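Protein chains in written order, with this note's numbering: chain A, 1 to 178; chain B, 1 to 171.
No wet-lab data here; the hints were simulated from the structure.
Just a sample of chain A residues kept apart from chain B, beta carbon distances all over 12 Å, derived: (1) Lys4; (2) Gln35; (3) Trp37.
Chain B stretches covered by chain A per the calculated footprint, using a threshold of three residues with CB under 8 Å from any CB of chain A: (4) 80-89; (5) 156-168.
Since we're looking at a predicted model, the values are computed, not measured. Yeah, the Cβ is synthetic: ideal placement off N, Cα and C, and Gly gets one too.
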Amino acid sequence: MLGKLFLIFLQIGAFTFGGGYAMVPLIQREVCTKQGWLTDQDFLNCLALAQSAPGPLAINTAAYIGYRLRGTAGALVAVLGAALPSFAIIIVVASFFNRFATLAPVQAAFRGMRPAIFMLMAYAVASLGKKTLHDKFSIIVAMMSLGLLLLGLPTFVVLILAGTIGYVRGGKRDASSS
Amino acid sequence: MQALVNLARAFLQIGAFSFGGGYAMIPLLREQVEKYGWLTEGEFFDIIGISEMTPGPVAINFATFIGFKVGGFWGSALATGCVILVPVILVLILARLFSAYEDVPWVKRILQGLRPATIALIASALLFVGKGAFLDAKSLIIAGIAGILLQRGLHPVLTLIVGATLGVVLY
Chain A
1 MLGKLFLIFL QIGAFTFGGG YAMVPLIQRE VCTKQGWLTD QDFLNCLALA
51 QSAPGPLAIN TAAYIGYRLR GTAGALVAVL GAALPSFAII IVVASFFNRF
101 ATLAPVQAAF RGMRPAIFML MAYAVASLGK KTLHDKFSII VAMMSLGLLL
151 LGLPTFVVLI LAGTIGYVRG GKRDASSS
Chain B
1 MQALVNLARA FLQIGAFSFG GGYAMIPLLR EQVEKYGWLT EGEFFDIIGI
51 SEMTPGPVAI NFATFIGFKV GGFWGSALAT GCVILVPVIL VLILARLFSA
101 YEDVPWVKRI LQGLRPATIA LIASALLFVG KGAFLDAKSL IIAGIAGILL
151 QRGLHPVLTL IVGATLGVVL Y
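Between the sequences and the hints, there should be enough to build the whole structure, so can you do that?
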């Protein structure tokens, strides 16, 4: 399983163009749908906790999922896999062609890739949303969080707020049911 | 030697304080880059460009690039290791705490709030990506094709490669 974990995160590291969240669909597909290692709920818990720590989301998520599946060794293997592709590519770029990014075909390829990334992420939002946003409470929390994020509130503030709301509301429900 | 110590110290610090990930750490990076004079202004923006064009976290890209300039391959390895060290340790601590307290009612309640918020985070990233992705009619065509392929169960990585190929053909 360690070998497979490494290969999966190597692949994720090699194809996460467009920032950390672009890897969400890739991880979801590999780890939840294909391997069945985590449920979608577990995966969302992983994401929520991984982004509460500083550092690159891809690395943190790799560390967290690796740890969950195979302890510290799993975390190290997954982090190594996720970091290796960009490390290798930048070494090549730094030693050979500084102006790589300005080549016309490279730019065209990335322009084409962006709408595809968008669709991938849209699918992830739709499938995770369908499984998680099944009551009024979670829909309200999601909408509120999105609104605050669009207003420019920092991620960790939004997460703290959402966690607090979940806590308070759960407490009320416990009290009314007992 | 002193250069490598500075490198390690700077990237430990950048890793430890880059909440929000990705581009949130650009100001921190600039501060350290200016302090040690590692890059010219032009090079700094070149690396941001390269980061957009290459896969992987921006933090790793910068650490590898600057590390390479300061100390070759091992400089790269040192800077990259340092930038992820603190985050990985913190995540492991969180993971350990979480597996111990996962079934505690109040942790469950907090997670009930966090899960919808996480979906909102991905959605806001989606909107951000959309702003850079849809600049003309061609990009809508590519998105439509990608959507159909995904619907039919094509692997995400292959879908990205199809998108890149269409980009080269159309632009």
